[in-house]
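Novice: Okay, here's what each chain looks like letter by letter:
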Amino acid sequence: MADLSVKVAGVTFNNPLIAASGTFGFGREYSEFYPLEKLGGISCKGITPTRRDGNPPPRIAETPSGILNAVGLQNPGVDAFIRDDLPWLKQQNTVVIANIAGNTPEEYCLMAEKLSATDVDMIEMNISCPNVKNGGVQFGTSCESVGAITAAVRRHCTKPLVVKLSPNVADIASIAKAAEASGADALSMINTLTGMRIDINSRRPIIRNNTGGLSGAAIFPVAVRMVWQAANAVDIPIIGMGGISTWEDAAEMLMAGATALQIGTVLFSDPYAPIKINEGLNSFLDKNGITSVTELTATVQPW
Amino acid sequence: MKYDVRQLMLLDNSQIAEDIFDMRLKLDAPDLSVCCGQFAHVYVPGKTLRRPISVCDASDGVLRLVYQIKGEGTAIMAKMQPGQTVDVLLPLGHGFDIDPNKRYCLICGGIGVPPMLYTAKQCAEPLVITGFRSESLVILQDDLKAAGAETLLCTDDGTAGQKGFVTDLLRERIDEIDEVCACGPTPMLRAVADVCRQAGKPCQISLEERMGCGVGACLVCAVKVRENGEELMKHVCKDGPVFNAEEVVF
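Note that the protein sequences, when read in sequence, are chains H and E. Counting along the first sequence from 1, when you hit position 191 you're at 199 in my numbering, and nothing is skipped either side. Counting along the second sequence from 1, when you hit position 248 you're at 541 in my numbering, and nothing is skipped either side.
This is chain E alone, in the form it adopts within the complex:
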């Protein structure tokens, strides 16, 4: 069976920035292979839907989920205590395809930054460009550096790192990289895809959509793509969350 629901022991669930929490779960499942860019579907007691959270890290027997409180479900998650078990369906979705012989730029904004830590660990000396609205939201800078990534930081208001957008930094460095992987708000993804198209660089983007089953059965998390010249609906949970930027109809 490809899918299984697992009861994972909660090791830590600390706040690391404004409304952002770092959940660490014991991943004692040697049979489990998690790819970067995949997600975990977390059961929240009392809620009808699971919460899809991208995998921030899955190294050394620890599953790390860094999430932002966006509503009732994630607020309940933030109150979960070390020692309890968390019901998790994983690994789900199609993640980033990483070629070890390429130089990558991982470009990410806000709560799109977490999946890039595990992704950075799969790349050889990647350039990671992170963007946040403001200093109070900055996360994972030390982790990314420890993973061997050259890490650049910018904020919209200039309170941390360089003032400006991630695409400004991408334009300056795009000539030295082979491929771009991006995760963040849709306007950012659209802008990154534009820069890559102009520079002729391949670009993979991780998308988000309100999700149901998480495995491709209920068809709610639709995204419009172009395939062989024809527009059709694919689904973030199964076909994605990572898509080739060229195929996505924004």
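Okay, chain H solo, but in the shape it has when bound:
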């Protein structure tokens, strides 16, 4: 039995598998499948300063080896999260990451301050949501805006701060450096890639928001490439995600440079995927005489 625990920004995870924000709610539903302590952690549904009802449906469309979604950050608001969900989450014996998404820098700062006064383990700053009109990805696509918002939130955040990056950029390495230089303790990447599907009979986009975020196995090679590029550019740890579906994918993402992993879309076909991935990783490590999963991180040997 290899050691599957990993450490990101001073926080220890029992294993590297974290449920990805937006696919797992606040954990209650999936706790009806298995105890949440089997996960390394949970990145909660993105929260905003006040309740949001999200976009009108349809909010999802299947694509080859993936899905498009445009939920539009439906959530009960930061205060309701702290009051109704956090106490329960903290009893689940897993790392709790609050994911925040604002319309303005001030909103991010306000939420970071409120959450810093709670016992959440980490704060993940989502500057990469493609499905809302204001905020979201607009903060995440230039080095200047990433640097500015990271620095601002850093001043209000006493928790380990993870900046979640968008893949919808030309130069991910520079963006990663900007986040690091402005005080990020870790990066998580990649969020979804913006995509679109059209019903050829009605000539309407399938998703009511017209465009949505592409996730699932389809984006995995893009995610591996971007994590690798970012890992080569920064010294802070990276939580890798984007289409991880099997333990082989997980090993690949770790080798590309990730220290921990998030998985999301695969849960919709197999709710037990994180448990199976951990088992597969463990066997792989044992078979290769590797004692700790951390030994896989950034071990790719590029040509």
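Worth flagging that the hints you see were computed from the coordinates, not collected in a lab. Check each hint, because a few of them may be wrong.
As the list claims (entries may be wrong) - Derived pair list, reagent style BS3-like, types lysine-lysine, alpha-carbon separation capped at 27 Å:
(1) E:K414 to E:K319
(2) H:K46 to H:K295
(3) E:K295 to E:K531
(4) E:K531 to E:K494
(5) E:K517 to H:K284
(6) E:K319 to E:K295
(7) E:K494 to E:K340
(8) E:K395 to E:K372
(9) E:K295 to E:K438
(10) E:K456 to E:K438
(11) E:K295 to H:K98
(12) E:K319 to E:K531
(13) H:K15 to H:K122
(14) E:K340 to E:K372
(15) H:K15 to H:K185
(16) E:K438 to H:K284
(17) E:K494 to H:K46
(18) H:K46 to E:K531
(19) E:K295 to H:K46
(20) E:K531 to H:K98
(21) E:K340 to E:K319
(22) H:K284 to E:K494
(23) E:K363 to E:K340
(24) E:K494 to E:K363
What the hints assert, rightly or not - Under 10 Å between C-beta atoms, here's a sample of chain H residues computed to sit facing chain E:
(25) T31
(26) P43
(27) K53
(28) S190
Said to hold, decoys possible - So the derived list for chain H, only partly shown, Cβ under 8 Å to chain E, looks like this:
(29) E40
(30) P65
(31) R67
(32) I75
(33) Y280
Glycine residues also receive a C-beta, built at the ideal position from the N, C-alpha and C atoms.
Given the coordinates of chain H, assemble chain E onto it according to the supplied hints.
Specialist: Quick look at chain E alone, frame taken from chain H:
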């Protein structure tokens, strides 16, 4: 644990009407209690999303899923062979609430008809009104009659049963029933809800929306409802698929 993924043996998967198939799975799970109006989330090899299919019947150790080929996923389902196992997450969602002391009208259209078979089995002598576009799409008439339901049939083009809409028949009979349960296309549900409101009869409707996780975590299958005078989003997979018609904002 409330949820589990089960590997069920496929017993039969026959075509029963144009693009409509009748999948029967061995349900050897005495621990499992399926309510009428709930659904099964079927894993389709090679697809990222499961397919939510309403439970047509769950009696006598057989789970029956009657589904229509609508796209790639259901086309793969239609090719599944007896003897193979099917990966099913069930039972999911909130189904119809049936009071054994009430007389029900179950009103359904097209591929909204299947869940009404299991529902009819939970009701005392229900009236079932079924509607289809045309004769080639008519399903489950004999099953509904065998379940003890008075079964009425209408088609849009008059090729089977009475020509017209299900709401025409509902208006004629609404005085003799206590409550209505409906499943079918949204315009039909809206019309049924209107008839019930005018007649002062309670009405439960089963809704459909493009779905992800199936358990209420991913929030994609949103439906707007009115609760205590306030509009908010609920979700077909967990809060529904059956809602009180009065709360749904069409």
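Novice: Hey, E:K295 versus H:K98, does the alpha-carbon distance stay inside 27 Å?
Specialist: Given pair E:K295, H:K98 holds - Cα atoms ~21 Å apart, limit 27 Å.
Novice: Take the C-alpha atoms of E:K494 and E:K340, compute the straight-line distance between them, and say whether it is at most 27 Å.
Specialist: Violated, at roughly 42 Å.
Novice: Is it true that the CA of E:K494 sits at most 27 Å from the CA of H:K46?
Specialist: violated (48 Å)
Novice: Would the pair E:K295 and E:K438 pass a check requiring their Cα atoms to be no farther apart than 27 Å?
Specialist: violated (34 Å)
Novice: Against chain E, run the beta carbon of H:K53 and see if the smallest gap drops under 10 Å.
Specialist: holds (7 Å)
Novice: Is E:K414 close enough to E:K319, meaning Cα to Cα at most 27 Å?
Specialist: holds (19 Å)
Novice: With the threshold set at 27 Å, check whether the alpha-carbon distance from H:K46 to H:K295 stays at or below it.
Specialist: Measuring from Cα to Cα gives roughly 22 Å; hence the hint holds.
Novice: Is E:K295 within 27 Å of H:K46, Cα to Cα?
Specialist: holds (17 Å)
Novice: Taking 27 Å as the top limit, are the C-alpha atoms of H:K46 and E:K531 close enough?
Specialist: It holds: about 24 Å lies between the C-alpha atoms, which stays within 27 Å.
Novice: Double-check H:R67 for me: the hint is only fine if its C-beta lies closer than 8 Å to a C-beta in chain E.
Specialist: holds (4 Å)
Novice: Are the Cα atoms of E:K340 and E:K372 separated by 27 Å or less?
Specialist: Given that 27 Å is the threshold and the Cα spacing comes to 14 Å, the pair holds.
Novice: For the pair we were handed, E:K340 and E:K319, check the Cα-Cα distance against 27 Å.
Specialist: holds (23 Å)
When each numbered hint is compared with the structure, violations occur for hints 5, 7, 8, 9, 16, 17, 22, 24, 28.
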